[in-house]
Amino acid sequence: MGEKLAVLVENWTDGSTEIWISNKIDPNAVSWTKMFLRFRMREIRDTAATFFVDEKKKVAVVFAKGKQHLYKPTRNTAYIFGEDGFSKQLDLGESEHEFQFPYVCSYVPSPVQIKQSAPTRQKEKKPGYC
Numbered sequence: 001m002g003e004k005l006a007v008l009v010e011n012w013t014d015g016s017t018e019i020w021i022s023n024k025i026d027p028n029a030v031s032w033t034k035m036f037l038r039f040r041m042r043e044i045r046d047t048a049a050t051f052f053v054d055e056k057k058k059v060a061v062v063f064a065k066g067k068q069h070l071y072k073p074t075r076n077t078a079y080i081f082g083e084d085g086f087s088k089q090l091d092l093g094e095s096e097h098e099f100q101f102p103y104v105c106s107y108v109p110s111p112v113q114i115k116q117s118a119p120t121r122q123k124e125k126k127p128g129y130c
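If you use the UniProt record's numbering, the sequence shown closes out at 130, no skipped numbers anywhere.
By construction, these hints were calculated from the structure, which means they are not laboratory data. Just so it is clear, CB atoms sit at the ideal spot from N, CA and C, and this is done for glycine as well. Hints may be right or wrong, so weigh each one.
[Unchecked claim] Dumping the calculated DSS-like pairs for lysine-lysine here, alpha-carbon to alpha-carbon at most 25 Å:
no. : residue 1 : residue 2
1   : K34       : K24
2   : K57       : K24
3   : K4        : K34
4   : K88       : K115
5   : K58       : K115
6   : K58       : K34
7   : K56       : K24
8   : K58       : K4
9   : K88       : K58
10  : K56       : K4
11  : K34       : K115
12  : K34       : K57
13  : K88       : K57
14  : K4        : K24
[Unchecked claim] Listed next, with one range per pair, are the computed distances between beta-carbon atoms:
no. : residue 1 : residue 2 : range
15  : R75       : N23       : 33 to 39 Å
16  : Q116      : G15       : 37 to 43 Å
17  : F101      : N23       : 27 to 33 Å
18  : S117      : E83       : 25 to 31 Å
19  : K88       : I25       : 29 to 35 Å
Please construct the entire structure, taking both the sequences and the accompanying hints into account.
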């Protein structure tokens, strides 16, 4: 399947959020597929957001700060979006600090084995010699 990039783009004009996924990555250029997902979610605006994407299920999970009071983000929150738009919100707990945002990173295991050289044994030093 190869490596892909995904980008979350917030449109301040109409309040929508889009996720785009690359279909080709070259050393000097990246080409993108049509928009993967589009949704409206007022709660994730004005904050840093990280996300996961499941291409097969056409679902995205966006991690951001929930807003208990206007302009005071207090809760770490996961928002689940599908083709139909918003589907679920999960409270991940109180933030320790107003400006600490929930960050996630993805890792997909690969069946490719990484070649490692065998560890080399160091020669034992004789006492009195460098």
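Hints, one by one, checked against the model:
A threshold of 25 Å between alpha carbons decides the hint, and for K34 with K24 the separation of about 12 Å falls inside it, so the pair holds. At most 25 Å may separate the alpha-carbon atoms for a hinted pair to count; K57 and K24 meet this at roughly 21 Å. With a C-alpha separation of about 14 Å, the suggested pair K4 and K34 falls inside the 25 Å cut-off, and the hint holds. Note on K88 and K115: the hinted pairing is violated, with a Cα-Cα distance of about 42 Å set against a maximum of 25 Å.
Annotation: proposed proximity of K58 to K115 is violated, straight-line Cα distance about 35 Å (limit 25 Å). Straight-line distance between C-alpha atoms of K58 and K34 comes to about 13 Å, which keeps the hinted pair within the 25 Å bound. Of the pairs offered as hints, the one joining K56 and K24 holds, with about 18 Å between alpha carbons and a cut-off of 25 Å not exceeded. Between K58 and K4, the direct Cα distance comes to roughly 15 Å. Compliance with the 25 Å bound is thereby established for this hinted pair.
For the hint pairing K88 with K58, the CA-to-CA distance comes to about 14 Å; that is within 25 Å, so the pair holds. Distance check on the hinted pair: K56 and K4 sit about 14 Å apart at the alpha-carbon level, within 25 Å; holds. Pair hint K34 plus K115 does not hold up; C-alpha atoms about 37 Å apart against a cutoff of 25 Å. Note on K34 and K57: the hinted pairing holds, with a Cα-Cα distance of about 16 Å set against a maximum of 25 Å.
For the suggested pair K88 and K57, the alpha carbons sit about 15 Å apart, so the restraint of at most 25 Å is met. Among the hinted pairs, K4 with K24 is consistent with the structure: their alpha-carbon atoms are about 7 Å apart, no more than 25 Å. Distance hint check for R75 and N23: the Cβ-Cβ separation is about 36 Å, which falls inside the suggested range of 33 to 39 Å. The hint said 37 to 43 Å for the Cβ distance between Q116 and G15, and at roughly 50 Å that hint is violated.
A hinted range of 27 to 33 Å holds for the C-beta pair F101 and N23, which are about 29 Å apart. The hint said 25 to 31 Å for the Cβ distance between S117 and E83, and at roughly 48 Å that hint is violated. Between K88 and I25 the beta carbons are some 31 Å apart, a value that agrees with the proposed interval 29 to 35 Å.
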